[in-house]
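Student: Residues per chain are reported as follows:
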Amino acid sequence: MRRQPGYEADDFLAAAAEREEAAGGTALVATSDRDAFQLVTENVTVLQPAKGGPARIDMAEVRARYGVDPAQVTDFIALRGDPSDKIPGARGIGPKRGAELLAQYGSLEAMLEEGRFASEADALQALSPHRDDGSRRSTALVARRDARLGGSGGTRDGDRGNSCRAPLRGGALLDVISHPSFVALHVPSTSGQRRDPGADGASPRAVSGLRRRRARSRAQLELVHDPAYVDAIQAIEGDVWLDPDTYANAGTCGAACLAAGCAIHAVEVGGFALVRPPGHHALRDAAMGFCMFGNVAIAARHAQTALGIGRVAVVDFDVHHGNGTEALFRDDPSVLTVSLHQWPFWPGRGARDPTPRASSTCRSPQAGGRRVPGRVRRDRRALPSVPSSRNS
Amino acid sequence: VIVAAGFDAHRDDPLAEMRVSADGFREMARRSASLASRTAAVLEGGYNLETLPGLVAAALDGFESAA
Chain E
1 MRRQPGYEAD
11 DFLAAAAERE
21 EAAGGTALVA
31 TSDRDAFQLV
41 TENVTVLQPA
51 KGGPARIDMA
61 EVRARYGVDP
71 AQVTDFIALR
81 GDPSDKIPGA
91 RGIGPKRGAE
101 LLAQYGSLEA
111 MLEEGRFASE
121 ADALQALSPH
131 RDDGSRRSTA
141 LVARRDARLG
151 GSGGTRDGDR
161 GNSCRAPLRG
171 GALLDVISHP
181 SFVALHVPST
191 SGQRRDPGAD
201 GASPRAVSGL
211 RRRRARSRAQ
221 LELVHDPAYV
231 DAIQAIEGDV
241 WLDPDTYANA
251 GTCGAACLAA
261 GCAIHAVEVG
271 GFALVRPPGH
281 HALRDAAMGF
291 CMFGNVAIAA
301 RHAQTALGIG
311 RVAVVDFDVH
321 HGNGTEALFR
331 DDPSVLTVSL
341 HQWPFWPGRG
351 ARDPTPRASS
361 TCRSPQAGGR
371 RVPGRVRRDR
381 RALPSVPSSR
391 NS
Chain H
1 VIVAAGFDAH
11 RDDPLAEMRV
21 SADGFREMAR
31 RSASLASRTA
41 AVLEGGYNLE
51 TLPGLVAAAL
61 DGFESAA
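Sequence lines, in order, name chains E and H. Per this note's numbering, the very first residue in the first sequence carries number 1; after that it's consecutive. Per this note's numbering, the very first residue in the second sequence carries number 1; after that it's consecutive.
Looking at chain E on its own, in the form it has when it is part of the complex (with noise of 0.2 Å):
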C-alpha cells in the first residue's frame, strides 16, 4: 500500500504503467474507474470488470466507446460530465457532440482558445475539473503521473519533493511541461530519441492539466516558418528523411506541433518544456538535424506577439550550434541568440562570429574535449552580453 497526500489510487497506476512503458514493457491497468481510460497506449491497456468477465479497453475500443483518443478522454469527460465524480460537463454539450468538438479542435484548450464557447462561465466550467488546486482533488480528471513509487528508478528523484510544481524563485513556480504522447507520434529507427525524456523516473513531475499542449493555430508556427513548409510538414505520410539525419513519419507532425506547443506554454508560466523533436536546427523553410519546428523560436516570438515581452535573448547549450534560432533572428535586434557549442562541428556553421556586437547574434565556439563550465566562465563575450538586452 502507497500512500502520498494529493494522489489517488489511480495515480499511482498512472505512474507505473508509465514508468513500464518507458522501460520498453507493457502493462495491464486493471481498475474499475473509466478516467483511466486516458492511459491507455500502444502498450499500455485497461482492464475493466464487467459481467462476463473484464473488458480489455485498448487504443481501438477507447475510440469505440468514446468516439476520442485516449489522450482526449479527460477533455471529453470535462465535456460530458460524469455525475459520479460530480463533474457538471458543458452545457448542451453531451457525448456524441463532445466527440465531434473534439475531433474537430484536438482539445478543449483549443476549444477555448477559438472562444469555442458562448460564455466564459461555461469555458470556466467546463474546465473546472482539470484543475489542481487541491480542494478540488477528488474530482480532478487528469491523472498525475508523478506519484512516487517503490523500488529503483521511480524514487531516484524522490527527495526533491512530490510537488509537480518547484519553487523558482521568490514564490515563483517551475513547470515542467510535457506529454506522454511524444513517445508514441515520433519514434525514429536509428537517432537516440526514442523514449520521452521525462518520463522515467529522474524528472516525473509532468504537470496535471498541462499535458496536452499543442501549437493549435497555424498562426503561432507561421510565426517563424513559411506556410508552405508547415504544409509540407503535416502532409508527411510515410516514412521519409528530411535530410541525412532527420526521420519523420505520420506521427512527427503531431509531435513537433505538440512540442512547439509545449514552449509556447513554457514561456507562458515560465517552465521547462521536455519536448521531442528539438527545434534549434530548424530554418524558415527546412527541417535540419532531428528538428521539424523551431520551438524556442517560435516561444521567443509568441512572447513578443502575445505576452509583450519586447527583448528576449536565447541562451543555447546544446553542444551543437543552434544555427536555425539563430538564422530566424540573425536580422532582429529584439531577440539576442547566444550559442554556446563544440567547434569544429557539425552543423559547420558555428565559427566565432567577426562581428558579434554588430548584430544580435552571438557564438561561443569551445574545443571538443574541454570542460565547458570552466571554459565558459572566462568566456566574457558570451554571457555577459545578455543583461544589456535587459528588458524583460
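Since the hints were derived computationally from the structure, they do not count as laboratory data. Be aware that a few hints might be false.
Reference listing, derived: stretches of chain E covered by chain H, where coverage requires no fewer than 3 residues with Cβ under 8 Å from a Cβ of chain H [as the list claims (entries may be wrong)]: (1) 39–52; (2) 305–314.
Coverage of chain H stretches by chain E, computed from C-beta distances (three or more under 8 Å per stretch; other residues unrestricted) [unchecked claim]: (3) 5–11; (4) 14–20; (5) 37–51.
From a predicted model like this one, the values you see are computed outputs, not experimental measurements. Using N, Cα and C, we set each Cβ at its ideal position, and we do this for glycine too.
Model the placement of chain H on the given structure of chain E, informed by the hints.
Tutor: Then chain H, alone, in the frame of chain E:
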C-alpha cells in the same frame, strides 16, 4: 531568457566530445536563469538516454536556484 537546453555536451553523450558534468549543467542553467527576470527552457538534444533524466533534473535544480 529562453534557454535552449541540450544535454549532449555531457561527457557520456554519444554524439559529441565535450565533457560537461551534471554539475556543469546545473551551473549553466543557474547562470542562464539569473540573466533576466523571466526564464523558460525547452529541451533540445541529449542522446544518452541513461544519463538524460539526471541531467534534466540537475538543470531544473539550477533554474530553481537562480535567485
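Student: Each hint should be assessed against the structure and marked as holding or not.
Tutor: Evaluated hints:
Residues of the stretch 39–52 of chain E lying with their CB closer than 8 Å to a CB of chain H number 0, which falls below the three-residue condition for coverage. Beta-carbon proximity to chain H at under 8 Å applies to 4 residues in the stretch 305–314 of chain E; the threshold of 3 is reached and the given coverage holds. Beta-carbon proximity to chain E at under 8 Å applies to 5 residues in the stretch 5–11 of chain H; the threshold of 3 is reached and the given coverage holds. Figure legend: the stretch 14–20 of chain H, annotated as covered by chain E; annotation consistent (7 residues with Cβ-Cβ distances under 8 Å, at least 3 required).
For the stretch 37–51 of chain H, the stated coverage by chain E holds: 13 residues have a C-beta nearer than 8 Å to a C-beta of that chain, and at least 3 were required.
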